[in-house]
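Number of protein chains: 2
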Amino acid sequence: MRLHPLLKISRNHHPGVLLILRHYSPLSYTPPHFFHVSTRNPPRMAEDELRQSLANKQAAVDAQAAAVRDLKAQGAAGSDLDAAVESLKALKLEAAAAASQLQAAVAASNGDGSSASREAFRQSVVNTLERRLFYIPSFKIYRGVAGLYDYGPPGCAVKSNVLAFWRQHFVLEENMLEVDCPCVTPEVVLKASGHVDKFTDLMVKDEKTGTCYRADHLLKDFCKEKLEKDLTLPAEKAAELKHVLAVLDDLSAEELGAKLKEYGITAPDTKNPLSDPYPFNLMFQTSIGPSGLSPGYMRPETAQGIFVNFKDLYYYNGNKLPFAAAQIGQAFRNEISPRQGLLRVREFTLAEIEHFVDPDDKSHPKYKEVADLEFLMFPREEQLTGQAAKKLCLGEAVFTGTVNNQTLGFFIGRVYLFLTRLGIDKDRLRFRQHLPNEMAHYAADCWDAEIECSYGWIECVGIADRSAYDLRAHTEKSGVSLVAHEKYAEPREVEQLVIVPAKKELGLAFKGNQKMVVEALEAMNEAEAMEVKTALESQGQVEFNVCTLGKTVTITKNMVSVSKQKKKEHQRVFTPSVIEPSFGIGRIIYCLFEHSFYMRASKAGDEQLNVFRFPSLVAPIKCTVFPLVQQQQYEEVAKLISKSLTAAGISHKIDITGTSIGKRYARTDELGVPLAITVDSTTSVTIRERDSKDQIRVSINEVASVVKEVTDGHSTWADVQWNYPAHSAAGGEGTQ
Amino acid sequence: MRLHPLLKISRNHHPGVLLILRHYSPLSYTPPHFFHVSTRNPPRMAEDELRQSLANKQAAVDAQAAAVRDLKAQGAAGSDLDAAVESLKALKLEAAAAASQLQAAVAASNGDGSSASREAFRQSVVNTLERRLFYIPSFKIYRGVAGLYDYGPPGCAVKSNVLAFWRQHFVLEENMLEVDCPCVTPEVVLKASGHVDKFTDLMVKDEKTGTCYRADHLLKDFCKEKLEKDLTLPAEKAAELKHVLAVLDDLSAEELGAKLKEYGITAPDTKNPLSDPYPFNLMFQTSIGPSGLSPGYMRPETAQGIFVNFKDLYYYNGNKLPFAAAQIGQAFRNEISPRQGLLRVREFTLAEIEHFVDPDDKSHPKYKEVADLEFLMFPREEQLTGQAAKKLCLGEAVFTGTVNNQTLGFFIGRVYLFLTRLGIDKDRLRFRQHLPNEMAHYAADCWDAEIECSYGWIECVGIADRSAYDLRAHTEKSGVSLVAHEKYAEPREVEQLVIVPAKKELGLAFKGNQKMVVEALEAMNEAEAMEVKTALESQGQVEFNVCTLGKTVTITKNMVSVSKQKKKEHQRVFTPSVIEPSFGIGRIIYCLFEHSFYMRASKAGDEQLNVFRFPSLVAPIKCTVFPLVQQQQYEEVAKLISKSLTAAGISHKIDITGTSIGKRYARTDELGVPLAITVDSTTSVTIRERDSKDQIRVSINEVASVVKEVTDGHSTWADVQWNYPAHSAAGGEGTQ
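Top to bottom, those sequences are chains A and B.
Last residue of the first sequence: 735 in numbering that gives the first Met the number 0, with the numbers rising by one and none dropped.
Last residue of the second sequence: 735 in numbering that gives the first Met the number 0, with the numbers rising by one and none dropped.
If you're looking for bench data, these hints aren't it; they were derived computationally from the structure.
On a predicted model such as this, the values are computed, not experimentally measured, just so you know.
Just so you know, not all the hints are guaranteed correct.
Copies of the same chain look alike in the list, so a pair counts if it fits in one copy or across any two.
[Claimed, not checked] Below, computed lysine to aspartate or glutamate pairings styled on EDC-like, alpha-carbon distance capped at 16 Å:
| hint | residue 1 | residue 2 |
| --- | --- | --- |
| 1 | K662 | E606 |
| 2 | K642 | E172 |
| 3 | K319 | D654 |
| 4 | K652 | E173 |
| 5 | K270 | D205 |
| 6 | K139 | E475 |
| 7 | K310 | E129 |
| 8 | K236 | E48 |
| 9 | K642 | E368 |
| 10 | K197 | D249 |
Using the sequences and the hints, build the whole thing.
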């Protein structure tokens, strides 16, 4: 079974459940921690206390209301009644205050304390992204398909910049072996990896309309809504719902079904009854060739293409370990009901690395280059004891064993550098270690790079030490041995168990059963064989169970010889471990969009303008060229500059529309273009920097080289501001 | 119906047949031309004459043999008999000579005159490619899947270099709008494009085993084999078979089936009878979402993703024409029985451009930049009159109307530059115009860039003027109007037909039928309305057929007014034409491999060494670094150089194996690495150029900049040879 960080299959108890964004950790009931929430959240006890306090205050209100009723019934004096009513009013105010306090606490503990403002922020970002064609729902003129998106021109450029940098940062700098395998994959490969049997989500159907839902989503939505909206929920009930949320990912089909029934959950759209949950395989199935007899799937990840090529790649690398192979490509998941925009889609680009290493030596030659990095880490221990993520020195984390080994540490550091250089805010990036029950039994250690955005903390890169699991699975299924060899400097002497059944004697004794007895004898492991040997030597015979016969037979001394022989071994043969950093490119890009987005008032102050503060590395184009006004001579200059920019390899665009220069700046800011060149004379031009809005004046001959200096990162904007005269934007931005 | 140059659907008479590599043109019987063969082939008549001559000689042999038999029977004199036998022998020799002449002619006219040597050459290339992991059959450890290939590390690097150059040459230089759409596509989109109904190949099944074959392949193989091997074939029969080959692509299922029956063609593997041919859709089908109710397909081309986004892209471009959109991505075809290695595969990378243009103005502003290019073109006229492809000046071809318009010409020129800069041999590249019956009825003109390789002339890029077809098809299916607008400088006056039914009078006359009469009146086209008007004016009434009523009614003058009114129009609304260059990246790369490959003797002369003469632009890595011998100090220098190369952005590899330097050079030549740096001192190194094997000596500080100069194309090897001392390779290449 293949366990993929970004496409994870829950495995310990309930292999039928697929987890993607593990927002809730499947802990046992006490104490339930919620790792998905901001690490600065108040501890959970406060909420319980508030719930209790609200219940108490509500009880006081009820009691006082009863007292008022009694007084009325008794025809009590006006002043007594007035006092009692006043007191009731006061108690009601107190209860209301407690309710709103609780409401705030609930919202905070769900990680969306400011959920309204998060939502508003997201709307601004997404509106800008869709309006400027960074991305758009696919097949829009046919009303679209959920979970499928197109990247339009600026999004496509950002994506291709991110992938080019990925290739530079990982493949080229680390000399990785890049491969490119097909998406169409025959069943046998995904059978070996475990996807055919276990890459499933539990689904329920509206029993009348047939509409499908993810069972865990319905249960989750029910619990969250109840917790948020029903403030009179007793503390025990609230605790129960929270427990359900915590263990949601680990529930079996039966357990999920029972909970849905217990809570009376029905189809959200129709309120019709629901079917029992059953597993739905998330791979897009197809058929290879015309016969209809060769089932295939669209790959759910790119990693398998690397594993099946291990033997050739190892040979290509001169039969030497360690080495890494990498692949960038499309992967597919037939989501039951996609939500969260670009974060959960049916087709996406993955970039994966499989670093093959000797399990006895996971050191890394370039580890030192990242050991001094410091960033937010969230080790297992901190999660289990309810602490926050904390800034750690990577070298220290490896040294103390928090991170299992150097190679894993090396990749964590490289991923940190990759993401922050793209423009991910380092304060909203953390590396969270998987809890023991999140990891596969064979995994040595696993860390997710999580990025915080308006949807919460999102797993964007998984970095897992998967031990020898994948290569062993394919070795077993294919019969092709996917192993590495280490030549010893000198041959080593090893003891080897030798079992020689005496076929003649066994034939005489067991006739037709001889073959099965021989096979059973040969199949003994060392301990069993030595036990048999001892018994035969001391007693001359031994009772021996032949499971293929379903009975025990008597073996005598002349029927088998068991011995240990010394042998010279020239090499060690072993299955390499694999350390796998796996990047969800679409998720990284979406988080980058959110981290780069901000709004600022227009100069006139009458509207909010959108800006993406992309670094040049990522920006869809590096600069724009604007003739200040529509005049032949300015347009000529603009074309001249465009030619020199092309020659310098700088992607750019000319905008010769008659729109005001302020509007054109705003348009270019909204695409995240770092620099704008305005042609306002035939000898020199201004260059404006997007975020500061500062302008410098540069001669036409120099403009391309200045832009190149800045966008290549060889000079900062401050450097060039030092070297060139400032230009005051009289009437520029103000006209927008 | 969508007609894609690289994935073509035959359309005029037999829409069921899919053509990919149009080796045979579907001409009428006389005269059959064979455009797939080298343009230097002898004319076809020679073959007919040879066939006739062979038949005559064979007849003479038969006659003489009969004469000899007669003589023997008559007991003729020894000398007479001897003379007759001698004469028979002579005739037999003549017949044998004629047979081998014919054989050679047949082979030549099949384009594989040197088919054995082509085959041997291909084997050498493919062996090298597979051994060095340029590409390998996918899922090899599971015995592979026909038509699926992996690119290994050097192939992947070549592919990514080709794509990067494509993006530079087309998207960036021409400011195209690049998009990135999903592969999974809902049925409605491919229904509109015609793929669901017509993207099929005709298939036959072995009636006993169920094995599937492409019907046209079986017929083609039969005809070719018969023509090549059966030299006694009468000239008429040979002509018939050649005609079948010529019209193969245009045969309907019935015609194909009849031919298979007529020739007694059976299943190649078993000789079992075959089913009748029936269409098999070549798209990989799947199901989107869990309901099973939303059929989808893996896209057979990337173009549809652009068409469905036309409206947004037009808006993004400021509602201005012309503009081009581009997409690079995977496409899928579920081939019935893939053959020809990388040339016909089930999954491949396409790079497509859709250039949208005003149908009334297909000029191109940058056309002048390519107008002076000269290269091999194969216009329709030359094909139809049996002439060869010829070198033409592109500007002339456009001027004389051979190429339909400037924009089409511009792209032909840009494609020529793209392919030749990649390293495609310009003498084995031609632009072949589609014949009228190869093109869709709506297409204005279409040219294929064909590259000659060991498989013959292969269509690698299709450049088609598809008129307004695609946008109209999606407008019709989606109901969303995919059109462009041209604002008039001044409003124009146009006459508009106005029909005003008098509802009151019509109500009185027709009561319950009033509504249907009104609708019928309003639905009149201009001609009908003017006829009614004339009749009413002259006769006061008119007989009017209302088809929804199924009868004719009498309309009088007071029941309807028909007039023409003048109206001002402010803009022209039209569906843009699209000019589509479509690149089969895998095919281009395979041809590039063949064109770059050569063999040369090792210095010792004892073996043939393989070399790929890739230009730096394409080479998988730009240089290698070899410490001459395994010494600490040389390895230190090598690492230092590696760092400076990385800083300069040059992809490279260090090889510190103890292998002889000659072997290491050979290894690097086989990967097509242009330069090799050998560290043989701690102050200076040698740089060796791959093809000349010349070496220069360069100081360690300069080496990175020299390599960069050459691999970036800023200097030639000759330039740097001029500037740096030569190094004589004493003992170098000789040791291999």
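Each hint tested on the structure:
no. : hint        : in the structure
1   : K662 - E606 : within (12 Å within a copy, 69 Å between copies)
2   : K642 - E172 : between (32 Å within a copy, 10 Å between copies)
3   : K319 - D654 : between (54 Å within a copy, 13 Å between copies)
4   : K652 - E173 : between (34 Å within a copy, 10 Å between copies)
5   : K270 - D205 : within (9 Å within a copy, 53 Å between copies)
6   : K139 - E475 : between (46 Å within a copy, 15 Å between copies)
7   : K310 - E129 : between (45 Å within a copy, 14 Å between copies)
8   : K236 - E48  : within (14 Å within a copy, 99 Å between copies)
9   : K642 - E368 : between (40 Å within a copy, 14 Å between copies)
10  : K197 - D249 : within (14 Å within a copy, 48 Å between copies)
In this structure, none of the earlier numbered hints is contradicted; all agree with it.
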